[in-house]
Each structure stands twice: as structure tokens, then as C-alpha cells.
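Student: Respectively, the protein sequence lines represent chains A and B.
First residue of the first sequence? That's 1 in the numbering used here, and the numbers climb one at a time after it.
First residue of the second sequence? That's 463 in the numbering used here, and the numbers climb one at a time after it.
Hints are not guaranteed to be accurate.
For lysine-lysine, the following DSBU-like pairs were computed, each having C-alpha atoms within a straight-line distance of at most 30 Å [stated by the list, open to error]:
#1 Lys163(A) - Lys89(A)
#2 Lys459(A) - Lys14(A)
#3 Lys89(A) - Lys139(A)
#4 Lys494(B) - Lys280(A)
#5 Lys539(B) - Lys280(A)
#6 Lys176(A) - Lys297(A)
Pairwise CB distance ranges (calculated) [what the hints assert, rightly or not]:
#7 Leu501(B) - Ala346(A): 51 to 57 Å
#8 Gln473(B) - Gly191(A): 57 to 63 Å
#9 Ala107(A) - Ala472(B): 46 to 52 Å
#10 Gln497(B) - Cys48(A): 43 to 49 Å
#11 Ala472(B) - Ala384(A): 46 to 52 Å
#12 Glu190(A) - Pro467(B): 54 to 60 Å
#13 Ala388(A) - Pro467(B): 55 to 61 Å
Computed list of chain A residues with no C-beta within reach of chain B, every gap over 12 Å [stated by the list, open to error]:
#14 Gln33
#15 Gln35
#16 Gly96
#17 Tyr129
#18 Gly155
Derived from the structure by calculation, the hints contain no laboratory data.
Backbone N, C-alpha and C fix where the C-beta goes; we use that ideal spot for every residue, glycine too.
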Amino acid sequence: MSNAWSPTRLIDVKNRTASREIFVDRDVYRQEQEQIFARAWLFVGHECQVPNPDDFYVSRMGEESVILTRDRQGKLHVFLNTCRHRGMKLCRHDEGNTRVFSCPYHAWSYSTDGALVSIPGELFGVPGYKKYYHEELDKQEWGLVPVPQMINYRGTIWATWDKSAAPFEDYLGSFKFWLDSALDHRDGREGGSVVLVGVQKWRTNCNWKFPATNFVGDAAHVIAHRSVDMVNLNPSGTEGRRDERAEGHAAFGWPDLGHGGLGFTSRPEEEFPRIPSFQKYPHVSEYLIQSAKAHQKRRAGKIHQQGKGTIFPNMSFHEDQPRTIIVHHPNGPTQTEFWRYYLVDADAPTEVKDTLRHYYMTYSGPGGMTEQDDLENWASATEASQGAVARRFPYNYQQGLRYSVPYEGLPGAVWCGERVTEQNQLIWLKRWAEFMEARDWDQLMRRAPVSNDVAFPLKIVR
Amino acid sequence: MDGVPKGFEAQALRLDVEDFLHAEADLVDDRKFDQWLALFSEDLQYRMPIVRNIAAPSIANEYLSGPLDVSWFDEGKKLRRPWHAPSEHGQFADTAVTHYGRHVVRKHTGHRRKVAGRISQSAGERDDGGLAFGDAVEIAHDAAYGRSGSFLAWFNAASLRSLI
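This is chain B alone, in the form it adopts within the complex (with noise of 0.2 Å):
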């Protein structure tokens, strides 16, 4: 693949790119939910397709990604930004409500560490062949990674398939 970074020039973006990811974990296990928000571009879509367990000779149309298709979600900054608001506004100011804070950004987040693991309790497994929702979440943030060195979070099956 043309411009795609190989040898040492790979092996050091890929570092600058797991310090990135920690980097964002740390702002979101802290609640800085506007400096982590900040990171993200402006047309940033947000979106995992629903995956189906469908015959070989149709495999391209595993992942539902079509325009109108359902997915786990699919987002873009501007639906995100106001779900961060009240933190904002200095409203999360109880033990209970800074509970319900972390949980909003745990929604929508998916996040790999503490995260994805919660996501992926209170999602369920399937494990039927079905992804489980917390993998396919972390498989998500590094399809991202993968398709461009800022935070971009779309990904589809091809951007999968070259990281996995």
C-alpha cells in the first residue's frame, strides 16, 4: 500500500500511537471530559456496524454499513458534544451525580481500559460467533488509529481487515 509507513518509520508511529491511547484513557479515567472531547476532529463519525453471520458467496456484506443501515452506534462530534455538557456546567458536583458523569462518558466512549470492560458487562456477550460488543469496541479505537494518525473514528471492514 502506497504511502502507508514501513520498517522503524511503523514501529515509531505505532508507540506515538499506544502513548496517544493512554494519553486519551487518562482524560477520560480522570473526567476531563472537555480537553479529552478536544481530540476529537470535526468530522469525526463515530461508528461500529453491526456484523451478521451470513453465507460465504455474500461475505463482502458481512458488516451492515450501508447509509441507512442500523449500528451499535454511529456518531459525529456535534451528537457528542452535548452529552458532556452538564460536566461543563459544573453540575456533577454530588458523589451520585459525578457517578452518573463517568457513566455518561463510559456510554460513548468504549474505552480500553476500564471502559470497554464495563461496556462489555452490561452489553452481554454473544458467543454465538458474534463479536463481543467490548472487543469489537477496542477493535474500533484501533481500526481508527490504523486509518490516520489523528483521532478519526471511522472504520469499516477493509480498515479492519488491514489491522487485525
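Isolated chain A (complex conformation) (with noise of 0.2 Å):
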């Protein structure tokens, strides 16, 4: 790749195509993690998983290693974890309770605790401070290095390494009323979910562009997923591998943000039809209609809004079969480290969640139908992607561009009807484009003008 690269060339906005070198060439790949990773909001995880104080959990954001703790006044942190002595990887476990993170190379230890330190994560106890460092060590300028933002969203968790970023929800637009669509209980209450326990953690040798830009609204790859239709894993057990949809189930992209999904047109909740799924077990069915009528009188005279998709950079989400969040962790050009995230009611019955457990289990992972699929594709991609005769040819992104209009039910979203349309991709693609630019925060949320910038290509209306 030559050095005169720029972001716009490799994504040609106005003819519809994307450099391959994108999806497997290592100095696109550096700058993704600094323009990307390292400004952009990503999903560190869920509260339930830091129920009590000193409860930790051990996630990432990019590649870098975080730990999400919870301290002993109930309020939760997201550190990198990497010891600042000697960059120690801090804490090596998944998840557990500890009041001091004592780091195994030279037992440099940090606590939350206001008992034992001022400030979070500062530096509780160094051996030989007296005798050693004289007492001369700044203890409070070498803590653990706290996200400069977090959020806790619904019980969801995210964070920026950009102190600069744009607030969370101003960077969702009115995207988040998709995504609350999944984090809300199935009767209406704001939040009211959480994730099961276990996350599937695994690797494929794929570029994480590949899940991102998937589940962004890709619905011509249904061919991938020929098996799992044919072998009906439908709950109800009729056709195919999900429960009917009600109509108006198209894609919707946000031009200026970058998200995007397959979800329904807006109506009035009366207006929503509430189709029966699940019905080979008939404890889940009930339990499902019976909180969609709570949902429909709690939301009496509201705006239906549900859909599924993928929020810029690397998290997506699917807000009911299966009811999942999955995070596409960059671990190298050529490798993606997945984490998924199963989604239940909160106080739903166990024998409803365990059925529940069982369709995302069988439907997703590595181990589940239709995950497997996307693997293949993704991974085999990205292999006949990196010769040097094959990164000559860009990808096409052409489906269904300029026939999208904007979407008055949506502030901010356009569609074209459909829900196949690349769209999507491309959206998807321009706004990565934009953060690998180096953008300041007035530029990425049109706050401030752009000289180069191309608009997303609209339906020429005569």
C-alpha cells in the first residue's frame, strides 16, 4: 500500500466500492485503532455482570484489555488493564471480586476503594516504597488509567478513550430507539434485561469489518444460512429459522452516523401486530404475548419503534430471535475476537429463559447454526482477499444505492422500502471513512463543514 493512501480513496462513496486493502492490509489496520478504537463509543458490557462491590469484570475495547469494577460505593469504572509499571497485563481473569488489583510481575497494587486511596484506581501499595522508593513515588500520577467517558446505558456499558467525543446518545441519534428495543423488557419497562451467564469468547480468522458491515442490514447473504432454513429451527416450528415478522421489516441506515439495521417501519403501538412465535413451547409463547399486551397498555399512544442492526464501530445487536448483543473485537487485520451476549427479562421464569437459552445457543456461537455459516464466509473472504492480484480489485457496494429517501419515522435514517439494499454497507463504510480521516468531533457530528466531504448518494428526485 502506498504511503499517499487517503480514507475517501479507499472508500469511493460515488461509485459505490471499497478498497480491499481495508479488510487486510496492516497500516489501515494500525490507523483503525487509533482513529477508530480510540475515539470512537464501544460496549464494554452489562451491570449485571458487576452485581456487588468489587465485582470486576474483565473485557476489551479494541484490542486493548479493560477491567469493568465496581467499587464499594456502587459505582462502576472502566480501567486499561495494564499495570503502569512495567505494562503488565494487571488482572489475568475473567471476571471476580477483589478490593486490590495486585499485579503479579512486581506487585504493584491499585484498589477503588476510598478506604485504601483518594482516587480510583490510584496506586494502593508499591514493596519497598519506604525503603526502596524513599516514599518519592507520586502515587496518584501512577493509577490505572480510567476511560475519560462511560456510560451506563440501560444497564448496558460504554465507554470512549476521547474525552472529546460526542455524548453517547447524541452519537446513537435515533438509532437508540432500536437498540432500547432489545435492552427493554419484552412488557415495556425501560431496561429490564440482562445478560445471561457465559460469554461465548472465540476467534476466526476474519477482518472484524466483515461482522460489522453483516450485521449492519445484510439481507441478501440469507443463502449463506440455506441449511439452517432448510432444517427449520423455527420456534413454532414451521419454516425457516425465526418466527413470522410482521410487515413493513426493511432496512434503515443513519447517513451521518454510520449505524444501521433491518427493523420495522414506525406506527402507533396499537398498530403493531403482535404475531404469535414460539409456539412450539407454549410457556414462552404466553409468556410473550401476555407482556407484548403489558407492552402495548404501558406504551398506549407512543410510537412502536424495533429493530436490529449494528451500532458504529464494532457492536451489534439483534432485539428479539435470538435476542443477542455481539461485540467484533479487531485482534489483528486478519482476525476478529467475537464476544456474544445472550439477552433475557430480568425477572422472566426460569423455564422461559432456559428455552430462550437453548433457540440463541442453537442459533448462534460458534457451536450454533447460523453463526457458522457467517464464519465461513467471513474467513474464506478475507483469505482470497490478500493476494497481491486479488487487493486489485475493490469490493461492490451497488445494490440498491440511490433509490433511498429519507424516513420521517426515524430522525436522521433513510431507506429505500427494501430490505435488501447495500445501503447499509455503504453508510456504514463512509462513516468509517470519516473517523480514519482523523475528523474532529465538530466534523463527525455535522456540527462543523467539511471541505472533501461527499454526501451519502439520495434518490434524485425529478
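Join these two chains into a complex; the hints should help.
Tutor: Structure representation (C-alpha cells):
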């Protein structure tokens, strides 16, 4: 790759193509760590993973390990999981409970406990502090590195390394309604969901942008799941791998923000059809029917918003079948570490949770029917895009473009009335290029003009 | 342990189990899915728990095998049967679909011969202390056979420890 590359050249919005370099090249990957993963809002975990004081859960933000922990006052913190002394990975467990994080290398020890330290994450104890450091080590200066911004959004924990990043809800825009549709209780209460215990973590040899742009609303890859559809995974025992959906299920993308997915046209709660589901499992079917009734009653007079998709850059979620969150952590230019979580209503009956759990695992994860199809596609596409010759030929994103128009029901969103279109993938890639150009947050949030900006190609109305 | 074969008897059982595993592998490799499925007990629980890296005092909870814990997979015979229905209906006629047929079965056998390798390749490998997926599937099979002479693919940390 030449030194003269520019993100806008790699992503050609006008011709609707993307260079293969962005899926395989090491220099592009290194820039992504700086321009995207050190700046964008990233999913860290769920508050239910650290319910008690001193609980911790080790997660990732991009390539880097972070610790999510709850202090003794109940406040949540996210720290970079590295010792300030020699960079040792401070906490090497996946989760647990501790008052003090003590480094296995030279025992520098850090705490969030106000009784031990004055700043959460401060250096609490260092061997030889008196005798060998002569008490001249500034313990506050050498504490753990905290994220400058984090938020607990309906139970989900998000953080960014950029203190000037736009507030999380501005970053989401009206796409937040769809995230809400995954996180809110089936009966319409705000939040009310938890993740089941057990995060599926695995690595696949594909670039992280394959899953991100697949889940952003690629409805054309259904052919890949032909085997799953043939064996009828459908929880009502009919055809396909999911229950029948309400009409008006289409692709919506947010050109200014990079998010997108498949979801339903906006309509009053009372008009959103509740189609019976999980009919092979009457206890689940009944639970969902009763919850939907309560939902309709609770939100009467409001607009029903529901969908699934990708939040730029690397968190994807599904709001119902299967109700899940997946994070695509970059792990080198040609490897992704996937972390998949499964959502249920916190107070759903045990047998309902159990049936949903079985369906989720059968559908998703590396042992799941559907996920394996996708993993093979992404790994094979990554492999076949690495050659010197293969790299000369860009990918094509021309399906359905210039047919999109603004959608009034979701401010900032566009659609073309179809499920099958590549508008969302191009929207995501356009956002990728904007971050990679090192635009500042005023430019990223459309508060300041950009000279070389290329508008997302909407339908030309004559 | 009471009732566990020892000495020559144990060696003979081990050979039986190995022969059985190879015969089972042949059924899958030859795509004789109905015969393969018939090997399973009705009360089959086919589960591979997620292993966590946790501190030594909690090590008993290393394997997530609680009733509502997420696993790599956790299925019974009833859940497995529909996946093989297309083969019974003879729908895998053309080459492309035959490939899909193998694919379906491969997904859920975790077979120790051809199949485990391909799952491992597909699922990727954890090199930071977690089990590689293919390896773990093989261990699951070993553990299943160790617990019972008949095919009962339930395994847990205890049966795992008794075998390796």
C-alpha cells in the first residue's frame, strides 16, 4: 500500500466501491486502532456482570484489555488493564471479586476503595515504597488509566478513550430506539433485561469489518443460511429459522452516524401486530403474548420502534430472535475475537429463560447453526482478498443505491422500502472513512463543515 | 471408585469404546445420518460448558454448568433430530446441497476425525488460556464415553478430570 492512501480513496462513495486493502492491510489496521477504537464509543459489558462491590469483569475495547469494576460505593469504573510499572496485564482473570488489583510481576497494587485510596484506581501499595522508593513515588500520578467517558445505558456499559467524543445518546441518534427495543423488558419497561451468565468468546480469521457490515443490515446473504432454513430451526415449528415477522421490515441506515440495521416502519403501538411466536413452547409463547399486551398498554399512544443492527463501529445486536449482543473485537488485520452475550428479561420465569437459552445457542455462537455459516464466509473472503492480485479489485456496494430517501419516522435515517439493499453497508463504510480521516468531533457530528465531504447518494427526485 | 473397570477389563472396554468411536465416525463421514442418529440415547444431553479463567479460591466454578448458564452448545436428541430431517427426505440430491448436508452435521457432531479439525478452523482458536474449540469437542466426546458404555454425551468437570 502506498503512503499516499487516503480513506476517501479507499471508500469510493460516488462509485460505491471499497478497496480490499481495508480488509487485509496492516497499515490500515494500525490507523483503525488510533482513529476508530481510541475514539468511538465501544460496548464494554452489562451492569449485571458486576452486581456487587469489588466485582470485576475483564473486557476489551478494540485490541486492548479493560477492567469493568464496581467500587464499594456502587459506582462503576473502566480501567485499561495494564500495570503502569512495566505494562504487565494487571488482571488475568475473566471475572471475579477483589478489593485490590495486585500486579503478578512486581506487585504494584491498585484499588477503587475510598478507604485505601483517594482516587479510584490509584496506586495503593508498592513493595519497597519506604525503603527503596524513599516515599518519592507519586501514587496518584501512577494509578490505573481510567476511560475519560463512560455511560450505563439501560444496563449496558459503554466507554470511549476520547474525552471530546460526543455524548453517547447524540452518537446513537434516533438509532437508540432500536437498541432500546433489544434492552427494554418485553412488557415495555425501560431496561429490565440482563445477559445470561456465560460469554461465548472465540476467534475467527476474518477482518472485523466483515461482521460489522454483515450485521448492519445485509439481508442478501440469506443464501448462506440455506441449510439452517432447510432444517427448520423455527421455534414455532414452521419453515425457516425464525418466527414470522410483522410486515414493514426493511433496511434503515443513518448516513450521518454510520449505524444501520433491519427494523420495522414506525407506527403507533396499537397498530403494531403481535404475531404469535415460540409456539412449539407454549410457556414461552404465552409469556411473550402476555408481555406484548402489557407493552401495548404501557406504551399506548406512543410510537413503536423496533429493530436490530450495528452501532458503529463494532457492536451488533438483535432485538428478538435471537435476542443478543455481539462485539467484533479487532485482533489483527485478518483476525476477529467475537464476544457474544444473550439477553433475557431479568424477571422472566426460569423455564422461559431456559427455552430461550437453548434457541439462542442453537442459532448463534461458534456451535450455533447460523453463526457458523457466517464465520466461514468471512474467513474465506478474508483469505481470498489477501493476494497481491486479488487486492487490485475493489468490493462492490452498488445494490439498491440511489434509491434511498429520508424516513420521517426515524429522524436522520434513510431507506428505500426494501430489506435487500447495500445502502447500510455503504453508510457504515462512509463513516469509517470519516473517522479514518481524523475528522474532529465537530466535523463527525456535522457541527462543522468538511471541504471534501461526499454526500450519501440519495434518490434523485425529478 | 466402585464399579469402574480395572486392569484387563478396563483395557478391553477402552478398545471397545475406540472401535465404537471409529464406527460412529465412519457413519458421519459416509453421511449415514439416520444410522448415526440412532446411536444416541433418548435422554441425551449434549453440552459443552464454557470455561472461565477465575481465581483459585473459586476454581470449583471454573466450568459454567449451571442450569441457565450459556454453553458452547447444550442440546438433547429431540433438538438434534430436525436438523437431519432433510437427509431423510432425500433433499440433498445435488452436489451443492450435499455439501450443505455435511455442513449441517459437521456443525453438531464435533467429530474427532475430519470434523473436529474443521470446526476448530471455523471457530478459531483461543491462544490465551481458553480451550481451542476443536480440542474441547474431542474432550467432550472422550468424557462422554468415559462416563457410560452407551453414547451419552453429558460431561462435566468431574468426568473430565476422571479422564485426563
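Student: Each hint should be assessed against the structure and marked as holding or not.
Tutor: To see whether the hints hold, each was checked on the structure:
Pair hint Lys163(A) plus Lys89(A) holds up; C-alpha atoms about 24 Å apart against a cutoff of 30 Å. Taking the CA atoms of Lys459(A) and Lys14(A), the gap is near 13 Å; set against the 30 Å cutoff, the hint holds. Proposed proximity of Lys89(A) and Lys139(A) is supported: the alpha carbons are some 19 Å apart, at most 30 Å. Using a Cα cut-off of 30 Å, the hinted pair Lys494(B) and Lys280(A) holds, with the two alpha carbons roughly 28 Å apart.
As the CA atoms of Lys539(B) and Lys280(A) are separated by approximately 16 Å, the hinted pair is consistent with the 30 Å bound. Restraint check: the Cα-Cα separation between Lys176(A) and Lys297(A) comes to about 22 Å, which is no more than 30 Å; the hinted pair holds. Distance hint for Leu501(B) and Ala346(A): a CB-CB separation of about 40 Å, inconsistent with the stated range 51 to 57 Å. Restraint check, Gln473(B) to Gly191(A): a C-beta distance of roughly 58 Å satisfies the suggested window 57 to 63 Å.
About 47 Å separates the C-beta atoms of Ala107(A) and Ala472(B), a value consistent with the hinted range of 46 to 52 Å. One distance hint, 43 to 49 Å for the beta-carbon pair Gln497(B) and Cys48(A), holds here, with the actual separation near 45 Å. Between Ala472(B) and Ala384(A), the C-beta spacing of about 49 Å keeps the proposed range 46 to 52 Å intact. Checked against the hint of 54 to 60 Å, the C-beta distance between Glu190(A) and Pro467(B) comes to roughly 59 Å, which is consistent with it.
For the pair Ala388(A) and Pro467(B), the supplied restraint of 55 to 61 Å holds, since their beta-carbon distance comes to about 59 Å. In this structure Gln33(A) is separated from chain B by more than 12 Å, as the shortest Cβ-Cβ distance comes to about 19 Å. Under the 12 Å C-beta cut-off, the non-interface status given to Gln35(A) relative to chain B holds; the minimum distance is some 26 Å. Non-interface call for Gly96(A) relative to chain B: violated, since the shortest CB-CB distance, roughly 5 Å, does not exceed 12 Å.
Distance check for Tyr129(A) against chain B: the nearest CB is about 25 Å away, which clears 12 Å, and the non-interface claim stands. Gly155(A), annotated as away from the interface, keeps every beta carbon of chain B farther than 12 Å; the closest lies near 17 Å.
Checked against the numbered hints given earlier, this structure breaks hints 7, 16; the rest are met.
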